[in-house]
Every structure is written in C-alpha cells, then in structure tokens.
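Chain residues, written in single-letter form:
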Amino acid sequence: QQPVQSPQAVILREGEDAVINCSSSKALYSVHWYRQKHGEAPVFLMILLKGGEQKGHEKISASFNEKKQQSSLYLTASQLSYSGTYFCGTAESQGGSEKLVFGKGTKLTVNP
Amino acid sequence: EAGVVQSPRYKIIEKKQPVAFWCNPISGHNTLYWYRQNLGQGPELLIRYENEEAVDDSQLPKDRFSAERLKGVDSTLKIQPAELGDSAVYLCASTIRQGKNIQYFGAGTRLSVL
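Quick mapping for you: the protein sequence lines, in order, are chains C and B. Residues 8 to 119 (my numbering) make up the first sequence, in order. Residues 460 to 573 (my numbering) make up the second sequence, in order.
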C-alpha cells in the first residue's frame, strides 16, 4: 500500500520552515526519507525506526508516530539547496532488505 | 567509495525495439533493486535480488521484462519489446542485507520510447 504524502508541492522563501507528512494505512516498522533533485539519484536523508526517537540531519529533522502510522519531515530555516522532491519510503517489517514502498513525493521549491 | 553506477544515462528507442540497462552496485552490497520511476511519481519496485537470487519479482512484467545478476554483483535489466508506456526512469539501488535497509540509488537511465 503506497503511503500518502502531503502536501504535493510547497514553495518557500529562503529561511522559511516547512513540514512534509507521510501517512500509511498499514502498521510500519520504519520510514525512510529521500530527497531527489531533477535528473539526479534519490539521496538518503534519514531513517525512523519503530520505537526510535526523532532524528535530525543539519536543519532537517523527522518524527515517527507508530500508532498513527505517520511520519513528518521538518525543514527549518530552509536553504536554496533544500529544493527538490522529497519521498518517504515505508517498510512494514524488520528485515534488513525488505521492500520499501515510496510515496508520490512532495516537490519543495525554495526561492531567494 | 564509489556509488551505484548505471549506464546508459539516456536511451531513446522506437517501440518494439529491445533495450538493456546495466547497474553496478556499491561494493559489498549484496541486495540490489531495480525500480521504475514515472514522471511525477515515486520509485516503484520491479525486482529485488539477494546476491544472485531474485527474491521478489512479483511486480516485474515478465512477458517483456527480464533481469539477471550473474555472480551476485552487476545486474542487467532488459525490455523486449519496448512499448510506449515503458518510457520512464529506471533506477538501481543497493544495500547491505544485515543493515537498516538504507538504499543507495544510482542516477538512473531515462528511457524514451517513440
């Protein structure tokens, strides 16, 4: 079951904050966040595990609410380099190489 | 450390022609994935390999798609014959089986079927 991401797109001015949500109808073991710039490979940002705490990466952090099967990605004081499409990928079990199901993505544009 | 390498980066073919994509995963990564990414969509899994064994090919259209991973390292994905609807970016990713399933992606092959 494909996770649902919201919003589909967001436009910010440099320095503004944004939140991207990822919601699943299935119980999740982990949520993975990736960023993809146009014509490039998706790049891993962070992983949230069941029972884990909120994670951070530079000014980008994320949370995982296991009971609601939701994850949120927080981008604070956005920079031009944050522009791209953000995907969440969800895994339902703990296996080391289990399949990830990706959402449709959220396109983030940061303007000067 | 070298990342996941894919070739070619771009391919333009006419429908009904065959096409092949090549992937070299990160050294030591025993799990390899092929994904298809349509415009404006997230990656969709086609096939997953553990070493040389295809352990999940449930979403691979087997009438025209085939894949192989000889010796458990490089992999090739083939389409024969290609259809207009196959136009997409084909991504390869790899990971270490005993890890947290952090997948590292290649830059992909953009296929255009005319």
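Heads up, a few of these hints could be off.
What the hints assert, rightly or not - Here are the simulated lysine to any residue pairs, SDA-like style, with alpha carbons at most 20 Å apart:
(1) B:LYS559 x C:MET53
(2) C:LYS44 x B:LYS559
(3) B:LYS521 x B:ASP545
(4) C:LYS66 x C:ALA25
The hints are simulated quantities; they were obtained by calculation from the structure and are not laboratory data.
Cross-check of the supplied hints:
In summary, the hint linking LYS559 (chain B) to MET53 (chain C) is supported, as the alpha carbons are separated by about 11 Å, within the 20 Å threshold. Of the supplied pair hints, the one linking LYS44 (chain C) and LYS559 (chain B) is violated, its CA atoms being roughly 24 Å apart against a limit of 20 Å. Proximity of LYS521 (chain B) to ASP545 (chain B) is assessed by CA-CA distance (about 13 Å); at most 20 Å being required, the pair is judged to hold. With a CA separation close to 11 Å, the supplied pair LYS66 (chain C) and ALA25 (chain C) stays within the 20 Å bound.
Taken one by one, the earlier hints fail for this structure only at number 2.
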